[in-house]
Amino acid sequence: MLIGSRRSALLLSSALVGLAMLGLGGAAQAADQTYQFDIPAESLGQALTDFSRASSQQIVFSEDATNGRATKGLHGRYTAARALTVLLAGTDLQVETNSAGVMMVRSKKVGAASNEGAGNPNAAVETVTVTGSHIHNVETLTPTTTITSNDMIDQGYTTLSEVLEQLPSNSKAGASTESNSVFGFGNGALNNYGYASGVNLLSLGSDDTLVLLNGRRLPSTAEGSSTDISGIPVSAIDHVEILEDGASAVYGSDAVAGVVNIITKKDFDGIETGAHIYNIADGKQPDLGGYALGGFDWGTGNIVANYDFEDQKPLLASARPFTSGSLSPNYLLPRQQTSSVYAAVNQELADQLQFSASGIFSDRPYSASNNLGFVQTVSGRNTQYAGSAELDYTPISDWKLSLFGEFGTEQDSYADSIPSFSLVVDIKYHYAENSFELDADGTVISLPGGDVKLAVGASERSESFSLNDNLSDHSNVSRQIYSAYGELFIPLVGENNAIPLVQQLSIDAALRYDHYSDFGSTTDPKVTVKWTPVAEVSFHGSYSTSFKAPTLFQLDGFPAVYGFVAPANPADPGLGNALEYYSQANPNLRPETATTFAAGATITPSKVPGFAFDASYFNIDYRNVVKFLESDFAFSDVLDGQLGNFVNTNPTAAQINSQLAVDAASGGNSCYASSCAPSTIKAIANLGFVNAAVVQLSGLNLDTHYQIDSTIGQFRIAGDATYFLAYQEMITPSATAAPGAGIVYSPPRLRGKINVGWFKDSWSANARLNYTGSERNPTDPSCQNSCPVGSWTTIDLSASYAFQDIPKAAFLDGTRLNISVANVFDSAPPYVFNAAGINYDPVNANPLGRTFSISITKRW
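Here my numbering is used: the first residue of the sequence shown is 1, the next is one more, and so on.
Simulated from the structure, these hints should not be mistaken for lab results. Honestly, I wouldn't trust all of these hints.
Below, simulated SDA-like cross-link-like pairs (lysine to any residue); rule was C-alpha separation at most 20 Å, straight line [unchecked claim]:
id: 1; residue 1: K858; residue 2: I819
id: 2; residue 1: K753; residue 2: S774
id: 3; residue 1: K530; residue 2: L505
id: 4; residue 1: K313; residue 2: G290
id: 5; residue 1: K682; residue 2: P651
id: 6; residue 1: K682; residue 2: E630
id: 7; residue 1: K284; residue 2: R850
id: 8; residue 1: K284; residue 2: Q337
id: 9; residue 1: K858; residue 2: D813
id: 10; residue 1: K760; residue 2: R82
Whenever a hint applies, use it, and build me the whole structure from the sequences.
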């Protein structure tokens, strides 16, 4: 199987490169290609957005670069280069195209080796924020994936969850509505009480990927399982940046697998509205959505506000033939409605002083019914508030001092009703965090290779958690986190001192110290190196340590459950030992720790303009991973030595009586054995939250882009894939290693996609191939050595048209129509036996089948 998987990875990698090379014969840049532009006199930021739409060119810029600047407009047919020259006339901005074909608007002073402008406090400086770094205006030494707003619209995405689920390195385990606490499919699913949608890079866990909004933390779901992104509307997003590398040295806890930074629109002038109908599928009512986006720019500042509403209908198992073994009713997808409001304001207070603030509110009620031998109804509401305010001061041209504060709150309610057991559980969770941070960064010295830049900072953050339910369980706990960090960027070799085989050599070193009031301190370093021997090839590598602090829910948020089981004793098969077990929060948890090594190469051949290919290797050794053993381990195996010191196999009478007293005080003593007498208790097992597991994984991320300009339009070909060379997990250090990839509900060995886009004038079209590799199902009783589960390939199509300059239909100007079809050939997910009768893998497939989506937007 491993040989076959490696061969598949090689074939997919070859396909990505081969497909990207198809158009080489016509790859000559059509520099004289013209586009029709009708850009009014408006803010520069909005003008660049309008330029991107009219020319289908991907362009990224920061609010600091464009804030307070305006254009006189642009009307007529121009080449892309000429249009940008006109729009940027009179500014100190320039355009650079990166290896992925994305146009970056940057200050002409960024990266200069000289100190031009130093000492002039009025010098205009752009501050480009870099995901994964505290230092502004430096290049990213490791690859970062950028998904622009136009990418999302052109490919027919209507929600941020859809955008991120298509990433080959991302897993839906514990981070999607399908991976929830009712069915329990995928790691972390049993803590996804609220049907949240999150991010789970490399399938390490949905709480091991840090999600940022404009570089600031978003609150997690109250039980800490993930950061719910369902309330962040696509209409408010400018672009998304994904860093797949350990980043605790920069951001602190949770950035073990990587960082997702969602950048919202902050520079918008005008009004835009949109509506969409999506997930139109057989056996399901279609989902509906709409938004209104408005902004106003007054020269020294601007304000942007967005309202979005999504109405997502349920999908029942009875509507799909592959779930014929499921009882009724079983909701494959819940019923939910999401309302969100986003607003941002920016104001220049003085030549050197800038104020900005933003906030987001979302509210998502949901409901579902399930039948796993008994009917269960779940419902609830997830409400999220988050906001930040920042004051930036630039005393000299290349130094920036920032003071900012942020707050975030998640209020979740969850109701679970099982009428046949006369059981009703109603739980209310509340999680809040607040922080203040002061940092500074800028140039400390100029070397022949460029400017050496330094960032230093300190922060104070507080977290609080509370739980109340109708079973008299409650929790109220909080903590403080104090942090200090530093980062140094050293360009040893650059354009001015390049030598043969060393065109560039740069080092970025970061160090962060965090002190938690409830479990102590941790210090984490990260070193990143980039070496460019020749202009067309560069190598990058990084080494870092990361950590994830135990959540307040794990420390003191889970109500205690006590009882007895009577497992077979492997040492004496004829007898059964009564075993007491308990599950509860653990105030003695330690942080989870990881060591990450990554290395790769990027190729941008000059003879193939617009082409780039990157192959990156990653290796993560993750230890002290917190596991909830009651759900992650079978009770029948607790005496076989796999749980190590989490089972006391020779308890004293005093220990037994002490534990029984705790049980009695908490209302426990549920008896599942024939006798619960203390004399029958031969072992005591801790099956709650414990630092137990070890996860070790390695693999490859492959990424390729190719942009071709021709007389019949522009073609963009992009492909990426993730292949796991190794992935194993030990539930405890003494347990037998189990595969963590290639098994159902875990990531497949290989997952990838290829997208081909065509753009010309007002037209665009995209075709995407999605591939999920084969797996095995060890729980299927029909196979002696785990049943094979086939691979899954789907194709998605989308097309859009932007109305402009249509005679006698001027009212359509500014209107854009998009039509998309997902899973064009209605490919059913591969069959997977499971006890619930769902019979597909919700982590690696979806039950929707062929779906249609239609969206329309109007710029007023």
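Check each numbered hint against the structure and report the violated ones by number, ascending. No numbers; nothing is violated.
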